[in-house]
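Engineer: Line by line, the protein sequences give chains A and B.
So that you can map any letter, position 119 of the first sequence is 119 in our numbering, and since no number is skipped, the others follow by simple counting.
So that you can map any letter, position 84 of the second sequence is 84 in our numbering, and since no number is skipped, the others follow by simple counting.
No wet-lab data here; the hints were simulated from the structure.
It is possible that some hints are incorrect.
Here are the simulated distance ranges between beta carbons [unchecked claim]:
(1) B:Y386 x A:K83: 27 to 35 angstroms
(2) A:K83 x B:L302: 47 to 55 angstroms
(3) A:K83 x B:A276: 53 to 61 angstroms
(4) B:R402 x A:K74: 13 to 21 angstroms
(5) A:G23 x B:R402: 19 to 27 angstroms
(6) A:R215 x B:A378: 55 to 63 angstroms
(7) B:R402 x A:N159: 21 to 29 angstroms
Looking from chain B toward chain A, a few residues come up when the C-beta cut is under 10 angstroms (computed) [to be verified]:
(8) A91
(9) D94
(10) V318
(11) P397
No residue lacks a Cβ here, since even glycine has one placed at the ideal position from N, Cα and C.
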Amino acid sequence: MLKLENIRKVYDMGETQVYALRGIDLTVTQGEMVAIMGSSGSGKSTLLNIIGCLDKPTEGAYYLDGDNVSELDKNRLAAVRNKKIGFVFQGFNLLGRMTVQANVQLPMLYAGVEKKDMSARAKEALNWVGLSKYLSHYPNQMSGGQQQRVAIARALVNNPSLLLADEPTGALDSKTSIEIVSVIQQLNKEKGITVVMVTHEKDISQYCRRLVNLRDGRITDDTPVLHQRNAAEDLAAIPAETEVGA
Amino acid sequence: MNLANNFEVAVNGIKANKLRSSLTMLGIIIGVSAVIIMISVGQGASKKISDQISSMGSNLLMVFAGAGQGAVRGAGGNVNTLTVEDAYAIAELDKVVNVAPELSSSATVAYASQTWTTQFNGTTPEYQMIKDWPTSSGSFFTEDDVKGATPVAVLGKTVVDNLYSDGTDPVGTTIRINKLSFTVVGVLKSKSASIGGQDQDDVIYIPITTAQRRMLGVNYVRLINVQTDAPESMSYVQSNIESLLRERHRLTGVNSDDFNVRNLTSLLETVENTSAVLTLFLAGVAAISLLVGGIGIMNIMLVSVTERTREIGLRMAVGATESDIRNQFLVEALVLCLVGGLAGILIGISGSKIISKFAGWQTTVTISSILLSTGFSAAIGIFFGYYPAKKAAGLDPIEALRFEK
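Pulled out of the complex, with its shape left as it was, chain A reads as follows (with noise of 0.2 angstroms):
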């Protein structure tokens, strides 16, 4: 699914030069839930915008669905990112003058998908992240939530085989997290879509299969989840009345 090898980044700063990656060799094989943990500055982002086809390493090749994307010009590589990769960010960056539905829409436009298409591709998202009745809502009517689900509704709706999620539940409360990170189990087992996730909380990242630990640039520990927590059953087991508003 998706191979680095050897991936270095180094960030030339004038006089002084930052090294961010410093050989980085990954394999992540097809409907695997990947975590990266790791202390800021360890190069997480760095290298989850690599994976992303937002950044070019310095040196080294990354084969994403066996293709050398390290060596595809600006162009190819926002093509890349519109049909093979889909993103969930900490802030959900969504536009806040757009309708839900524009929103989710949004990928599908530079995919050049026909008008028709485009509002039943955004239907059939918005109703799998449970939004179907948000369609003409805006964002800022919404709790942060709803906003995450929305924009989990906009990654899947061009079919990527990779969802890769930056920090998604960083900005909600626990309850929320968990129901996020349960959307986002539930399309990695039913979809089949291969996740990648960069967390810094611990707990979150015990809900996927497979842990990996960055350090100065380096992967320092890369372990399988031995005992993968379901969110859908930890979500079940919350009383209600403990419910803090989201």
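Once you have looked at the hints, place chain B on chain A.
Structural biologist: Showing chain B alone in chain A's frame:
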């Protein structure tokens, strides 16, 4: 991403900030309407001036008695060097179509109990053809009237208005001009005021011979109007007239001309050139306001790009290419300019209508001024929208996504 999508995204972007978008458009609206109004007013003014000049007659040379402007004029300005015979001689020249001498003086006219002080002008029937001046009733006097020096008169509209306030048809009536009886044979249609603002309808035309013999007792004429067959033959005819008159007046080598020939077409050209420069100047001033409007667009687009940095980052993350982003902002600037331009055209057209109503002269909104300002506002949109759009497209998606407002 196709153009229709680009357009939709741009319109949404404009609608998201209605007040700011309309204020930005205001600059373009004012600029475009100013260009249209200035051009139409300028062209209207110059059309009025050239209409007045051509109302004096087309392909017209005027031969005045007395030396030219540079030389010393005869005492009292009453020069008597030109005669009717000179006019007939000029009429024989090659490429001359019509010749009409003129001799005028002031007159007091009376009909019934009404009197009016005006001017009589002795001339020949060709005068009517040179001036292309039809009668509204009756007809102009004839060549026979000139030969016989008959007391017949053709009245201008103003004279009729003042003498026949009771509505009588003047044709066939008898009036008295400086106590001599004249039969009215025709009334001329109204002609607008001349360049000097003089009322051209306040005049009575009588045969030149009648004016010379019966009214004034002289044998000279004040000027001779000469109409040539085409504008190209004017200078040819002019030099022929000069040599003919020098010969007829027995002027040799050192003697300066005792007449001067003026070319109305060259006067018209000068005036037209002057008013074209004036129009251009007015349009230039208006174009500056359009330029300022364009700078306003650029300013707002730059603010908009900064404000929407995260949006740009997100669009790039979900697959927008640099050209998608660039086109989005370019189309947005273009739509602002074109909508503003359209409103400016409407305001410009109604503005020129209002001005022509109050200023009392015809303003002409030409297709070319509309096309010019539309093209200009589109060009401004592209020119001033390009830099902000390029800036947006050049953003790094990672930086843009991290951007804090």
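Engineer: Determine for every hint whether it applies to the structure shown.
Structural biologist: Results for each hint:
{"no.": "1", "hint": "B:Y386 x A:K83: 27 to 35 angstroms", "result": "holds (29 angstroms)"}
{"no.": "2", "hint": "A:K83 x B:L302: 47 to 55 angstroms", "result": "violated (32 angstroms)"}
{"no.": "3", "hint": "A:K83 x B:A276: 53 to 61 angstroms", "result": "holds (59 angstroms)"}
{"no.": "4", "hint": "B:R402 x A:K74: 13 to 21 angstroms", "result": "holds (19 angstroms)"}
{"no.": "5", "hint": "A:G23 x B:R402: 19 to 27 angstroms", "result": "holds (25 angstroms)"}
{"no.": "6", "hint": "A:R215 x B:A378: 55 to 63 angstroms", "result": "holds (56 angstroms)"}
{"no.": "7", "hint": "B:R402 x A:N159: 21 to 29 angstroms", "result": "holds (28 angstroms)"}
{"no.": "8", "hint": "A91", "result": "violated (80 angstroms)"}
{"no.": "9", "hint": "D94", "result": "violated (76 angstroms)"}
{"no.": "10", "hint": "V318", "result": "holds (4 angstroms)"}
{"no.": "11", "hint": "P397", "result": "holds (5 angstroms)"}
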